[in-house]
Amino acid sequence: MYDLIIIGAGPAGITATVYAARKKMNFLVISGDIGGQAAWSGDIENYTGYQFITGPELSSKFEEHMRKYGIAMKEGESVLDIKKMDDRIIVKTDKGQYESRTAIIASGKRSRELSVPGEKEFKNRGLTYCATCDGPLFAGKDVAVIGGGNSALDAALQLMKIARRIYIVNIVSHLTGDSIMIEKVHESDIVTVMNNARVLEITGDRMVSGIRIRCDGEDKRIPVEGIFVEIGLIPNSYFAPDIEKNALGEIKVDCHNRTNIPGIFAAGDVTDVPEKQIIIAAGEGSKASLSAFKYLNQRR
Amino acid sequence: MTKKVKVYSTPTCLYCIRAKQFLKDNAVSFQDIDVSVNQEAAQEMIKSSGQMGVPVIDIDGELIVGFDKDRIKKALGI
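Those protein sequence lines, which keep their order, are chains A and B. Under the working numbering, the first residue of the first sequence carries the number 1, and numbering increases by one thereafter. Under the working numbering, the first residue of the second sequence carries the number 1, and numbering increases by one thereafter.
I should point out that these hints are in silico values taken from the structure, not numbers from a laboratory. Model, not experiment: these values are computed from the prediction. Each hint should be verified, as a subset may be incorrect.
What the hints assert, rightly or not - Just a sample of chain B residues kept apart from chain A, beta carbon distances all over 10 Å, derived:
1. 4
2. 18
3. 25
4. 26
Said to hold, decoys possible - Okay, derived cross-link-like pairs now, BS3-like style, lysine-lysine, Cα gap no bigger than 30 Å in a straight line:
5. A:74 / A:95
6. B:73 / A:74
7. B:20 / A:74
8. B:69 / A:92
9. A:68 / B:73
10. A:123 / B:74
11. A:61 / B:24
12. A:161 / B:4
13. A:68 / B:47
14. A:123 / B:73
15. B:47 / A:123
16. A:123 / B:4
17. B:47 / A:61
Note that CB positions come from ideal geometry on N, CA and C, so glycine has one too.
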């Protein structure tokens, strides 16, 4: 039986790992991927110590730091269930079952889907949820970014260096991201912002050839070869039915990262912590790890 | 016999970086094709794999989309 199981290897999970390793806890990391959403980010200019770093670069540095300790890790496994029975926490994955005295859920968030006809058929055939990864394939093409918040603006800013023409399809009346990003988008002459616009359908043959939208009560078809869906995120908390969540599905934690189940902690974007930032997730991960350490010590 | 390995990637995609590192760690030599600068190769990749996601790993004609470690190992026989 482990002392601790850490679920997730984004900024929160990796930082929890570093702290657990330094406390010499007997722990296991289970994660589908490494880097989490940070690996998908474009340019990062607000992680202290780095005036400028890209998401993939920062993620690689996180990973390098974690690997330095020779940790036990199950990579590419999906957690299906976590529950507490007596004093044991049981984590079930698609490949096995593990037991531990404590756990930290740091499973982050994933992209929200549009849920319109054509979305599934054209995924990776012109439709993507990752401008950082797939953006360069759309060099010189006309593309649409769906959304109007920071992640949509980040995608648009990345694509401004690559695409020929960018349509931002925003469901509300104005863009809602950081002013500095909104300004950059408005200054660009290749970006068209379409407010009050809802996506109805993705169209194409083998690959995407356009989208149908309803804008100001009127149906329009925009010919594009690329569609970047950036309409927000949903927490990966579905595998924890016994754990209390808020209306958004985020795991409720107190300031010591405790959930409603003693011994199960949570950290980062999967929780109801105010503000979702890489640096906050990292800090929360360290707190959760220290809380788990204290919890174990009190019970020995 | 050495298998011919090609990796279609972009410099900004973490899974491309990880896939290439995996090949290097296993001493597999490969041709690295950056589809963000090589438009011709990008079109070739889209046509042959029928999709636009990177990385695409071509191992002796077998196409693997994404960093699927198990499939890569199997195709390489490692």
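Do the hints match the structure? See the list:
| no. | hint | verdict |
| --- | --- | --- |
| 1 | 4 | 23 Å, holds |
| 2 | 18 | 8 Å, violated |
| 3 | 25 | 12 Å, holds |
| 4 | 26 | 16 Å, holds |
| 5 | A:74 / A:95 | 9 Å, holds |
| 6 | B:73 / A:74 | 17 Å, holds |
| 7 | B:20 / A:74 | 20 Å, holds |
| 8 | B:69 / A:92 | 22 Å, holds |
| 9 | A:68 / B:73 | 25 Å, holds |
| 10 | A:123 / B:74 | 26 Å, holds |
| 11 | A:61 / B:24 | 19 Å, holds |
| 12 | A:161 / B:4 | 33 Å, violated |
| 13 | A:68 / B:47 | 41 Å, violated |
| 14 | A:123 / B:73 | 26 Å, holds |
| 15 | B:47 / A:123 | 15 Å, holds |
| 16 | A:123 / B:4 | 29 Å, holds |
| 17 | B:47 / A:61 | 35 Å, violated |
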